[in-house]
Structure formats: structure tokens, C-alpha cells
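Colleague: Each chain is listed here by its residues.
Protein chains: 2
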Amino acid sequence: MDRLLAEIREQPAVLQRLLEEEYSNIQQVAQAIREREVHYALIAARGTSDHAATYAKYLLGARNRLPVALAAPSLYTLYESPPRIRGGLVMGISQSGMSPDIVSVVRDAREQGALTVAITNNPDSRLARVAEHLILCRAGEEKSVAATKTYTAELMAVALLSVALAEDEKALAQLHTVPEAVQSALTLEEQVKGVAELYREMQYCAVVSRGYNYATALEVGLKVKELTYVSATSYSSADFMHGPIATVEEGSPVLLIAPRGKALDDLLHLAEELRARRANLLLISDARDLGRAPTLLQVSPRVEEWLSPMVLVVPGQLFAYHLARAKGLDPQHPRGLRKVTETR
Amino acid sequence: MDRLLAEIREQPAVLQRLLEEEYSNIQQVAQAIREREVHYALIAARGTSDHAATYAKYLLGARNRLPVALAAPSLYTLYESPPRIRGGLVMGISQSGMSPDIVSVVRDAREQGALTVAITNNPDSRLARVAEHLILCRAGEEKSVAATKTYTAELMAVALLSVALAEDEKALAQLHTVPEAVQSALTLEEQVKGVAELYREMQYCAVVSRGYNYATALEVGLKVKELTYVSATSYSSADFMHGPIATVEEGSPVLLIAPRGKALDDLLHLAEELRARRANLLLISDARDLGRAPTLLQVSPRVEEWLSPMVLVVPGQLFAYHLARAKGLDPQHPRGLRKVTETR
Numbered sequence: 000m001d002r003l004l005a006e007i008r009e010q011p012a013v014l015q016r017l018l019e020e021e022y023s024n025i026q027q028v029a030q031a032i033r034e035r036e037v038h039y040a041l042i043a044a045r046g047t048s049d050h051a052a053t054y055a056k057y058l059l060g061a062r063n064r065l066p067v068a069l070a071a072p073s074l075y076t077l078y079e080s081p082p083r084i085r086g087g088l089v090m091g092i093s094q095s096g097m098s099p100d101i102v103s104v105v106r107d108a109r110e111q112g113a114l115t116v117a118i119t120n121n122p123d124s125r126l127a128r129v130a131e132h133l134i135l136c137r138a139g140e141e142k143s144v145a146a147t148k149t150y151t152a153e154l155m156a157v158a159l160l161s162v163a164l165a166e167d168e169k170a171l172a173q174l175h176t177v178p179e180a181v182q183s184a185l186t187l188e189e190q191v192k193g194v195a196e197l198y199r200e201m202q203y204c205a206v207v208s209r210g211y212n213y214a215t216a217l218e219v220g221l222k223v224k225e226l227t228y229v230s231a232t233s234y235s236s237a238d239f240m241h242g243p244i245a246t247v248e249e250g251s252p253v254l255l256i257a258p259r260g261k262a263l264d265d266l267l268h269l270a271e272e273l274r275a276r277r278a279n280l281l282l283i284s285d286a287r288d289l290g291r292a293p294t295l296l297q298v299s300p301r302v303e304e305w306l307s308p309m310v311l312v313v314p315g316q317l318f319a320y321h322l323a324r325a326k327g328l329d330p331q332h333p334r335g336l337r338k339v340t341e342t343r
Numbered sequence: 000m001d002r003l004l005a006e007i008r009e010q011p012a013v014l015q016r017l018l019e020e021e022y023s024n025i026q027q028v029a030q031a032i033r034e035r036e037v038h039y040a041l042i043a044a045r046g047t048s049d050h051a052a053t054y055a056k057y058l059l060g061a062r063n064r065l066p067v068a069l070a071a072p073s074l075y076t077l078y079e080s081p082p083r084i085r086g087g088l089v090m091g092i093s094q095s096g097m098s099p100d101i102v103s104v105v106r107d108a109r110e111q112g113a114l115t116v117a118i119t120n121n122p123d124s125r126l127a128r129v130a131e132h133l134i135l136c137r138a139g140e141e142k143s144v145a146a147t148k149t150y151t152a153e154l155m156a157v158a159l160l161s162v163a164l165a166e167d168e169k170a171l172a173q174l175h176t177v178p179e180a181v182q183s184a185l186t187l188e189e190q191v192k193g194v195a196e197l198y199r200e201m202q203y204c205a206v207v208s209r210g211y212n213y214a215t216a217l218e219v220g221l222k223v224k225e226l227t228y229v230s231a232t233s234y235s236s237a238d239f240m241h242g243p244i245a246t247v248e249e250g251s252p253v254l255l256i257a258p259r260g261k262a263l264d265d266l267l268h269l270a271e272e273l274r275a276r277r278a279n280l281l282l283i284s285d286a287r288d289l290g291r292a293p294t295l296l297q298v299s300p301r302v303e304e305w306l307s308p309m310v311l312v313v314p315g316q317l318f319a320y321h322l323a324r325a326k327g328l329d330p331q332h333p334r335g336l337r338k339v340t341e342t343r
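First to last, the sequence lines map onto chains W and R. Numbering-wise (numbering that gives the first Met the number 0), the first sequence opens with residue 0 and increments by one. Numbering-wise (numbering that gives the first Met the number 0), the second sequence opens with residue 0 and increments by one.
Since the hints were made in silico from the structure, they are not lab data. Among these hints, one or two may not hold up.
[Unchecked claim] Ranges of calculated distance between the beta carbons of each label pair, as one might list FRET restraints:
hint, chain 1, residue 1, chain 2, residue 2, range
1, W, Gln30, R, Glu248, 49 to 57 Å
2, R, Arg109, W, Glu166, 57 to 65 Å
3, W, Glu200, R, Ala275, 24 to 32 Å
We treat Cβ as the ideally placed atom computed from N, Cα and C, and that holds for glycine.
Take the sequences, apply the hints, and build the full model.
Modeller: Given below as C-alpha cells:
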């Protein structure tokens, strides 16, 4: 078995470890945040970690009522005119903790006197050193170029922070159901492999979801690009309706991630619309009774919508992996990518 | 001549009118903002207007040092748990002013006591009524489904607000050079038409820029999707390096928007990388001396980088228009789109 597949399968154990070993530290970070008058959060991240930041935008927004801005690192590195931080909490999220532009955002914020938090898998990284507070992902070394276990670990770190900020015991109990739900999603692998075969000739596709799982659409789209070189484009369903739906014609591949919960009606409405246009629809969902089913990866309904991004991304990771295999590509060595991308 | 082309060509006049008729109002809005203790801005927008919001994120960040968050409207409409606004300026940008989710964000913010501003082309819209302050685009009715003149008008409105906030007379003078620069960009039309012919068989492409012109990459990508049904995906060059570049192989079409200024080095570095991969590179640039030139749409170097999004988008609009024509499509009636998309 190759490393990437091993890392995908390691996710339940990684999430369990994070729950057990990091929560008390995260409670202290949350305490420090509560003691400051924080009006909004600014989060800096790139690539996969930027999708964890997108999850944070929805989660901290909906459950902690904290507005979240995603930083534009080029304001720091290219234009050398960073925004003034007043009343802001500044977080950097980076698996490696080595991306210079992400480090710049956090360093500048700390110099301005803002409260800073790093979420990283690397305790010895520049990002870890430059931030006042540190949340560790505890995912173990990730050797594959394509990030998988560090992504779900970053989501879990964000979810733990949200729960700690709200001091919500009931939500904490819900969080503890996630590793088992991820384990259950992994059992779909054989089915995913068969579905991937069907999409072997795919050259481009749209990946669509909404709300908390907009992050999932972004991340599944990126895995598909990195591993299979298919030009995947990710959308929130609302943005998709504002123009890009025009690209859909008979046979156009669309991956729709449709979680149970508040976003479901909208996404099923879109599914109807896509069926009418005879799109080639692949549905990843933990909802039941989906009507006339297109190609469906049915995930067991075990977690609340706000936690489902950690679960629904898993069939997407497996899909990207097996699609690469079906295309005769080596998912271990995506062409032209390195593990650490040093953008400024 | 059809309406869409007429509206594209109308842009210099629209921008000139906005400069002449709206600045004194915008100065009053800026005065109201300066009187409040504003720590950050939250902007709600969809589709094309969301790209104007992205421009605002860079412009207000770099030139006014104001952190900008782009709202997640589903927090209001789906999850019914809007973020708490303290110290925030909330802006809604919408051509029609009719999108219920954008109206929700602004209405909620005003109810919370935040300072609210609407940027819209429709003074009678719900958005115009619900916001405390109103900035009008004065673009005249836009009849085409694909937004063009209202997009550049929204950019100009944002730029005027930035200048008024900074009380920067020199910058105001620079703004007055934009209509002529846009007029000059329009003279490329015959050349664009020839280039579009070369891309007639294109099914997907990447559209890349960085910094202020990340907005241009997003908007050109959307025009290409709406008018030609090509699956275009837009990136900042930094994000592109973090994974999606793996999709580029020999012949892959990439549109690179490379403005003079701080982002240029990075973008030319990417151009080299893309040449090495034998991508099919189309460059839109107002820089000179671009080395071994691929297919190049050379825009006259007339404006500063922060204003170039209003200019460099024009060859992109024309490219999308003429690519649609080359493909035998009707740019006047994109399939499955309406002028006003009512997402909740």
C-alpha cells in the first residue's frame, strides 16, 4: 500500500489523538481570546490550509458569531502595506509552517500588538515560533505531496477552537463522534474505486457544495487537480447559479457534495437543475431519500452538518486517489509539485 | 452591433460620468466612515460584483490599511446566525440591488447598528433602500446578461471611495486618467478577435493573475464561462503554485494577466514555468519588454497598477465575446442564465 492511501486511512486515528491531546491547550488559547476584545478574525493560509480557513469562516461565523476575513498575503509581501489590525485575532494555518507569506501576516500582526494563533503540524516551524499561541495538529509527519490527514486535522483544530470559545459541552461530545464517522466513510473505498473507473476519461469537472461544506468542494477540487490533473473548479452552489452553470451541458461531470442539514434543499434543487441539463452527476451525501439517485456515494449519517466537512471530504480524497490510479498516474508523485511551496 | 458589444464599448463614458457625478457624494460617505471607529470592512456580493469586492479587499487593504472580509451570505440565509458586527463597516455590492442574500447581510448589519453602504446601479432597489449610505454606479441600464460596464463602474466606485477615505488628491488625479486608458484598451478589439479564433476549440482553461488583478482573473474567468461555456478556473498565481499548476500540460490554455508593478516579477516567473511545460499561454499585459513573447495582447501602459484592473479586464471581456462568436454561440443569450439571480 502506498503512503498516500496509508495517510488517508490514518485520519480516524489522527483525529482521535487530536481530540485527546490538544483540547486542554486549545481551551487555554480560547481563554486568551475571550480575555481580549476580539471583534473579528483574520486568517492567513494557502492551498489546502486555505480550505480549512474557509471552514473556519463558516464555523466561527455561524457558531461563534465572529466575522472572519481571509488575509490577502500579497498585501504584506508584494505591496508591503499590511492592513492595520485593531480588535482582530490573527491566525495562520499551515501544515508545514514554512510558507513565508503566511509567516509575514502573523509576524506583522504580532508586531502590531494583535493576538496571534498558529495552527500547524510542525512545532519547530517559523510559523509556530512567530505566533503568540500555538495549536498543534499532531497528525504525524505527512510524507505525501497531497495533504489529506493534515487537512482533516486542521479542520478538527478549528472545530475544537470554536467549541472551546463557546464553552459548549454538548458540541464537544458531538466532536467525539467524528473519528468513527470518518472510519465509516473509509469503508466506501471499494465503491469509490468502481465509481472512479467511470470517470477515467474526465478532463474537467465542477465540484459544488454550500455552507460548511463549501470548504469540502474546494478541497476535493484541489485533490482532483493535484492527483489527476483534471481541471476541477469548485463553487458554492449560490455562486454556481450566478453564471458558471452556463458551462454545464449534456455529459458535463459535476461532483455535488450534499450534506444533511440546512444546505441540503438548495443543493438538491441544483441537482434537479443539473439532471434537467443531463449533466453527469456524482453525488456525495450523508442524507437519505435523495430521490432519483444519480451516481451516489452514500455516507452513513453520523454527524451534524457543522462536522460533516471532516467526513464528506474522505470519499472525495479516495475518489481523487482512485481516479489517478484509473488514469494510470502515480498519486505519490504529482508532476511539478513539492511538499512545501514557498510563495511570497 | 449587438447590445453586449455596445455595453463593453460604453465603458469609458460610464467611468467618466461616474467620476464627474458621484465623487462629491462619495466624499460624504467617506466622511461618515471616518467619523465612526471602523476597524474592518465586511463586503457582501455575488458573481461579478464579488470580483469588485475582491478588488476592494486589495485596494482598501493596501491603500487604506483596512482589513476586508468577504461575507458568507449563507450565514444569514441558511444558518440564520449572522456574525456580530462591532467596529465594522458593512458594504453590499450588487448591480441590480435585488439579490435577497446580499440585502440580508446589509439589513442585518444596519439593525445591529453598523455603518452600512450600498454600491448599486439601481437606486430603486431593495439594497439601495436598506443601506444607510448609497453609492450609485450611474452605468445606465445594463441589458446584457453578462455584466461588463457595471463591473468597471463598481471598480471605479470602490476606487473613488478609497481615494476619498485617504483624501488623496494625487490619487484622484490618477483616477481621471482611467477612462482614456480604457478607451485605448478597446482599440485592441481587432487583434483580440484574431486571437479568439486561435482558441476556438478550447474546452477549459486557467486564468491567472495576482494582487489587485486577482479580481481581473476572476472576472475574465467568469465572462469566459458565461459567454463561451468553457470551464475556466481563476487563480492568484501564489495559489496556482500550491497545487493547480499540476494540471498544466503541453497545450493547456492559460490566460495570464500581468500588470506592470509589484506583481509583475511573480507573474513573469510563472510565465517562464508555463513555457517550460509548453502551455498554450495568452498574456494580457500593459508591461513592456516581456521577453520571448507568447500570444500577447499588449495594452498601452497608461495607469498605475492599482487602477489597472479597470483597464486589463477590457481585453478579457472582448476575448470572451469574440470567443463566443468564434464558437458560433450567441453572447447575447447565454444558456440558462437570467440577469438577476435570486439566491438566498
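Colleague: Would you mind marking each hint as holding or not holding in the structure?
Modeller: Hints versus structure:
Look at Gln30 (chain W) against Glu248 (chain R): about 51 Å separates their beta carbons, and that is inside 49 to 57 Å. As the Cβ distance of Arg109 (chain R) to Glu166 (chain W) is approximately 30 Å, the hint placing it in 57 to 65 Å is violated. For the pair Glu200 (chain W) and Ala275 (chain R), the supplied restraint of 24 to 32 Å holds, since their beta-carbon distance comes to about 27 Å.
Of the numbered hints listed earlier, the single one contradicted by the structure is hint 2.
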